[in-house]
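Between the sequences and the hints, there should be enough to build the whole structure, so can you do that?
The chain contents come next:
There are 2 protein chains.
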Amino acid sequence: MHDTAPAAKAATWLAGFSKALSEGDVEAVLAGFLDDCYWRDFLAFTWNIKTLEGKPAIAAMLESQLAEVGPSDWKVTQASGSDTVEAWFTFTTATGAGSGIFRLEHGKCRTILTSLQSLAGHEEPVGRNRPLGVRHGADRNRTTWSERRAAEEAAFTQGSDPYCLIIGGGQGGIMLGARLKQLGVPTVIVEKNARAGDSWRNRYRSLVLHDPVWYDHLPYIHFPANWPVFTPKDKMGDWLEMYVKVMELTYWGSTECVSARFDEGARRWTVNLRRDGAPVTLRPTQLVFATGAYGPPRIVPLKDQESFAGEIIHSSQYSDGSVFAGRKVAVIGAASSAHDVAVDLWEAGADVTMIQRSPTTVVRSDTLMEMAFDIYSEDAVERGLDVDRADLLAAATPFALQPAIQRELYDRIRARDAGFYEQLAARGFLLDFGPDESGLMMKAYRTGSGYYIDVGASQLIIDGEIRIKSGVEIDRLKPGGIRFTDGSEIEADAIVQSTGYQSMHEVIGGIVSREVGERIGTCWGLGSGTRNDPGPWHGELRNMYKPVAQENLWIHGGNLALSRFFSKFLALQIKARMEQIPTPVYAPQLN
Amino acid sequence: MHDTAPAAKAATWLAGFSKALSEGDVEAVLAGFLDDCYWRDFLAFTWNIKTLEGKPAIAAMLESQLAEVGPSDWKVTQASGSDTVEAWFTFTTATGAGSGIFRLEHGKCRTILTSLQSLAGHEEPVGRNRPLGVRHGADRNRTTWSERRAAEEAAFTQGSDPYCLIIGGGQGGIMLGARLKQLGVPTVIVEKNARAGDSWRNRYRSLVLHDPVWYDHLPYIHFPANWPVFTPKDKMGDWLEMYVKVMELTYWGSTECVSARFDEGARRWTVNLRRDGAPVTLRPTQLVFATGAYGPPRIVPLKDQESFAGEIIHSSQYSDGSVFAGRKVAVIGAASSAHDVAVDLWEAGADVTMIQRSPTTVVRSDTLMEMAFDIYSEDAVERGLDVDRADLLAAATPFALQPAIQRELYDRIRARDAGFYEQLAARGFLLDFGPDESGLMMKAYRTGSGYYIDVGASQLIIDGEIRIKSGVEIDRLKPGGIRFTDGSEIEADAIVQSTGYQSMHEVIGGIVSREVGERIGTCWGLGSGTRNDPGPWHGELRNMYKPVAQENLWIHGGNLALSRFFSKFLALQIKARMEQIPTPVYAPQLN
Numbered sequence: 091m092h093d094t095a096p097a098a099k100a101a102t103w104l105a106g107f108s109k110a111l112s113e114g115d116v117e118a119v120l121a122g123f124l125d126d127c128y129w130r131d132f133l134a135f136t137w138n139i140k141t142l143e144g145k146p147a148i149a150a151m152l153e154s155q156l157a158e159v160g161p162s163d164w165k166v167t168q169a170s171g172s173d174t175v176e177a178w179f180t181f182t183t184a185t186g187a188g189s190g191i192f193r194l195e196h197g198k199c200r201t202i203l204t205s206l207q208s209l210a211g212h213e214e215p216v217g218r219n220r221p222l223g224v225r226h227g228a229d230r231n232r233t234t235w236s237e238r239r240a241a242e243e244a245a246f247t248q249g250s251d252p253y254c255l256i257i258g259g260g261q262g263g264i265m266l267g268a269r270l271k272q273l274g275v276p277t278v279i280v281e282k283n284a285r286a287g288d289s290w291r292n293r294y295r296s297l298v299l300h301d302p303v304w305y306d307h308l309p310y311i312h313f314p315a316n317w318p319v320f321t322p323k324d325k326m327g328d329w330l331e332m333y334v335k336v337m338e339l340t341y342w343g344s345t346e347c348v349s350a351r352f353d354e355g356a357r358r359w360t361v362n363l364r365r366d367g368a369p370v371t372l373r374p375t376q377l378v379f380a381t382g383a384y385g386p387p388r389i390v391p392l393k394d395q396e397s398f399a400g401e402i403i404h405s406s407q408y409s410d411g412s413v414f415a416g417r418k419v420a421v422i423g424a425a426s427s428a429h430d431v432a433v434d435l436w437e438a439g440a441d442v443t444m445i446q447r448s449p450t451t452v453v454r455s456d457t458l459m460e461m462a463f464d465i466y467s468e469d470a471v472e473r474g475l476d477v478d479r480a481d482l483l484a485a486a487t488p489f490a491l492q493p494a495i496q497r498e499l500y501d502r503i504r505a506r507d508a509g510f511y512e513q514l515a516a517r518g519f520l521l522d523f524g525p526d527e528s529g530l531m532m533k534a535y536r537t538g539s540g541y542y543i544d545v546g547a548s549q550l551i552i553d554g555e556i557r558i559k560s561g562v563e564i565d566r567l568k569p570g571g572i573r574f575t576d577g578s579e580i581e582a583d584a585i586v587q588s589t590g591y592q593s594m595h596e597v598i599g600g601i602v603s604r605e606v607g608e609r610i611g612t613c614w615g616l617g618s619g620t621r622n623d624p625g626p627w628h629g630e631l632r633n634m635y636k637p638v639a640q641e642n643l644w645i646h647g648g649n650l651a652l653s654r655f656f657s658k659f660l661a662l663q664i665k666a667r668m669e670q671i672p673t674p675v676y677a678p679q680l681n
Numbered sequence: 091m092h093d094t095a096p097a098a099k100a101a102t103w104l105a106g107f108s109k110a111l112s113e114g115d116v117e118a119v120l121a122g123f124l125d126d127c128y129w130r131d132f133l134a135f136t137w138n139i140k141t142l143e144g145k146p147a148i149a150a151m152l153e154s155q156l157a158e159v160g161p162s163d164w165k166v167t168q169a170s171g172s173d174t175v176e177a178w179f180t181f182t183t184a185t186g187a188g189s190g191i192f193r194l195e196h197g198k199c200r201t202i203l204t205s206l207q208s209l210a211g212h213e214e215p216v217g218r219n220r221p222l223g224v225r226h227g228a229d230r231n232r233t234t235w236s237e238r239r240a241a242e243e244a245a246f247t248q249g250s251d252p253y254c255l256i257i258g259g260g261q262g263g264i265m266l267g268a269r270l271k272q273l274g275v276p277t278v279i280v281e282k283n284a285r286a287g288d289s290w291r292n293r294y295r296s297l298v299l300h301d302p303v304w305y306d307h308l309p310y311i312h313f314p315a316n317w318p319v320f321t322p323k324d325k326m327g328d329w330l331e332m333y334v335k336v337m338e339l340t341y342w343g344s345t346e347c348v349s350a351r352f353d354e355g356a357r358r359w360t361v362n363l364r365r366d367g368a369p370v371t372l373r374p375t376q377l378v379f380a381t382g383a384y385g386p387p388r389i390v391p392l393k394d395q396e397s398f399a400g401e402i403i404h405s406s407q408y409s410d411g412s413v414f415a416g417r418k419v420a421v422i423g424a425a426s427s428a429h430d431v432a433v434d435l436w437e438a439g440a441d442v443t444m445i446q447r448s449p450t451t452v453v454r455s456d457t458l459m460e461m462a463f464d465i466y467s468e469d470a471v472e473r474g475l476d477v478d479r480a481d482l483l484a485a486a487t488p489f490a491l492q493p494a495i496q497r498e499l500y501d502r503i504r505a506r507d508a509g510f511y512e513q514l515a516a517r518g519f520l521l522d523f524g525p526d527e528s529g530l531m532m533k534a535y536r537t538g539s540g541y542y543i544d545v546g547a548s549q550l551i552i553d554g555e556i557r558i559k560s561g562v563e564i565d566r567l568k569p570g571g572i573r574f575t576d577g578s579e580i581e582a583d584a585i586v587q588s589t590g591y592q593s594m595h596e597v598i599g600g601i602v603s604r605e606v607g608e609r610i611g612t613c614w615g616l617g618s619g620t621r622n623d624p625g626p627w628h629g630e631l632r633n634m635y636k637p638v639a640q641e642n643l644w645i646h647g648g649n650l651a652l653s654r655f656f657s658k659f660l661a662l663q664i665k666a667r668m669e670q671i672p673t674p675v676y677a678p679q680l681n
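Note that the protein sequences, when read in sequence, are chains A and B.
So the first sequence is residues 91 to 681, counted in the numbering used here.
So the second sequence is residues 91 to 681, counted in the numbering used here.
Accuracy of the hints is not assured; some may be wrong.
Same chains, same names: a pair is fine if it fits in one copy or spans any two.
Claimed, not checked - As a list, the in silico SDA-like pairs of lysine to any residue whose alpha-carbon atoms are at most 25 Å apart:
#, residue 1, residue 2
1, Lys-559, Arg-230
2, Lys-198, Thr-94
3, Lys-99, Ser-112
4, Lys-335, Asn-283
None of these hints come from the bench; they were simulated from the model.
Here is the structure:
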């Protein structure tokens, strides 16, 4: 039997909320919230990606935005629970249609998510609104689909400027490009590699995604039911290449972005590209950096590096372990890439030592699948929770509330896999679960580093096949090895720095200007005040997918899941600006 | 409220049916059927595609097959209706799992469809059974996905023989190849064109599919929500090419099949191919002809043809109207290709006369969308009827019962578009709705010819822009035109024969032998005893997707929808033989 009680509770609350909003009565709105409350908004109220924490923050936002937003037509579409009621709803604003999720505790709102889903009059042409594909009737001036596509592709090489230029044609740029295409925003994606998908193909031989297929879908065309749980890198490369083709994206491979300058008067960028080696200039209105979740490789300076006899490469340059067969290789770092590279080296017959400089959060893949991917799974699909709904559900919990939930999860994970962790520690491997014991996902959001989903490396470490050197700093290099500050030494014929990446604002600094890069500041991270994620608390991913301290510049990236979800909201922001729809950004402090 | 009455009625009937079957009591089975009853079976009972019409036919089939089939575990999964109850069900047999639909009238069965859906122990690796994509754990003998794919592709060029060879890499061959791949049947698809999709790309410039997107999905990867209703030919070409890539099919372009011979002793074929001009021999066990729903072009001999000054081509050779600009072109024929070619010529600026030799069934595209595609539509999707369920639902009505249903539909269509038909007739266009007024779809099944879904040509005919010459035979050609048997003449600089195709057994005759081609006999058609579909009544598409009068030879084809649906059952037949699962074919008379 469908339980109507939660729906009634939800409808009652929403009716009061709606009435208070329509009357502009902020006091009455706040009366419906608990003191410890959160309002997360994606564009609908703030034209920003913003979590308002507590009643004063919510009040300030509403005072600033409510009149212009003009929300109405609130409807509960689904509700469940009893003491705590979770309800899905839809609404409209002056500019479009929205949806969201709120959670009531004993009748008052603890959290609410509001998201703009489409712009009125600019809805995506999908489903019932899909294009017809043919103009019925005879037409002596008919242009065919292939002729239109060819013209579209040719335009940008013949002096026509795209409204939007996306730098970086990996998964982030591609998904954003697909969303913009559907919204009718003329867009060019530029990518330094030759073909779409090369950013995956060029990685090390054994790379396979660590996230499962249900979490990795691209928008519009989901992976089919026969797709493997963990996608091999080259298969992902082929899928991205296919996707670019069938989604009809304008994608310039072998194209590097040399420099970009914003003309304040013309409100446009001048972007200098090098396409197949030849200079090309485009003047887009909007510029998106989708060059990866992180910036350029971080290379750790090593003392007496010039004395080292072998090669030193960064993990981003590592592709094939076979050249290291029979050699001693030191891998500096102990996060995901370090583990993957170490296994790849071991498989190729190298003698591998992993130099761990700080503790790592490790979780077994099977454990994570079973305990942490419940809303992205075959089970979820069977109970009707598709990936788009799962994304909204995941977003309904603000970042501030996630550590407590994650701590509870990691308590269970540590209990379940206690033996595994003991064995790892016995080999000298330094484990942690984050500064507040909140585990892998919070590390991913805070710094994007310091964790590994174990798909095999840990057993090699436990078995002593991959050696661990930890708890001591590198002093200096020697011709045949590395000396540590405690006087110990290891032999090494080659060094792979799996030391991560710099912040993305360094990329912007290089292409636009150092001044703009610094004005924007650090990208990614929440401002949690934990290691490498300094405060103040920001409550959303810094500078990602939303307005930054440089007009008409946007930063996009993250894993497949984040790129999928946030590309929607970034595309809506760009489309709204193209259509000159008012987008009053609520940003009491800049990102 | 969900109505439980039909479910109860359905369950009661199915329980009786199931009990009678399990007791081998054919009399008791028949007692549950009306006298005018139909049992359509796809493999589950007959290892054939077969409709048993009436109690004696059902009894004979059960006497022959029931003991070996061993059906059990019958369950109603969904039911609706009151006087007439329609119920979906599942069951298992000794070899696999099945599903079907029955319809009761006043408690007795009018029609039942039983279909084998999977082979026990050989289920497709999808959903929960999808491959993991990575062998977790370290492995010094690891082969990566791309290495395995490359080895798979290389094997067949290095002496390894596929179990199945598919001749023809259009939609039919591709979809069958995808099903076989999922079932683990080593398969090579050979295609004379260079790239997958070329069979669409090479058609005339303005070609757009006449069937809507909801009817056209390929298995596994459905068209996305932004896909146009009517797919332009080149876009379809790109989709097929992408599909071949991501479904990991072994697809040899630029490869022609020269000859094939079955070795009765070795139970294998020797197939001589010409790949990129070089001879290659493969020895597959199973050989599939997927060279198109029809055979080679049918060229009508024209008297005094050598005297004609201009060119004479078949519509299959027609691609670009621009060479005919300003010229007088006669199009012989008045079915789909003739109409499309005539419009393309008119758009290119030619002066077009269509020579209609026999009446045509014309239906306006909009009308057809609205009245005939209810189960393949956005509405259907919204009420949860996806394409696979729609296919099964469509199959639940045996061919014998379709003319009556179609006549009723066409009565409504003719009433609705009466003005349109009057205007067409006023131009001399000869209309019909089939020998029994059953309209377009029955013509498609009976002969695959003689109809046109109007997407614009008819208005050009009504407006006199495309002229019609009808009701009279061609006498002979003259240097500058055509003379008819009534003495009238028209001028023509070129002639396009849109005169259809020969039966597919002519292709088989050319590649295997005339003797085998004739032993197999006509392909397609139902044996309706109407024009070009001589009896006796067969009740299914002759020789399509099922055993024919030559072992280890199969014929596959049809539009996207038929290729999609029947490729599943053809793939299961081939897989069962590969696994040496007993497949007792029930075929009281040969096809």
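Consistency of the hints with the structure:
Taking the shortest alpha-carbon separations for Lys-559 and Arg-230, only the inter-copy value of 23 Å comes in at or below 25 Å, while the best intra-copy value is 75 Å. Proximity of Lys-198 to Thr-94 under the C-alpha cut-off of 25 Å is restricted to the intra-copy arrangement: shortest distance 18 Å within a copy versus 39 Å between copies. Taking the shortest Cα distances, Lys-99 and Ser-112 sit within 25 Å of each other inside one copy (20 Å), while across copies they are farther apart (52 Å). In this assembly of identical chains, the alpha carbons of Lys-335 and Asn-283 lie at most 25 Å apart whether taken from the same copy (16 Å) or from different copies (20 Å).
No hint from the list above goes unmet by this structure.
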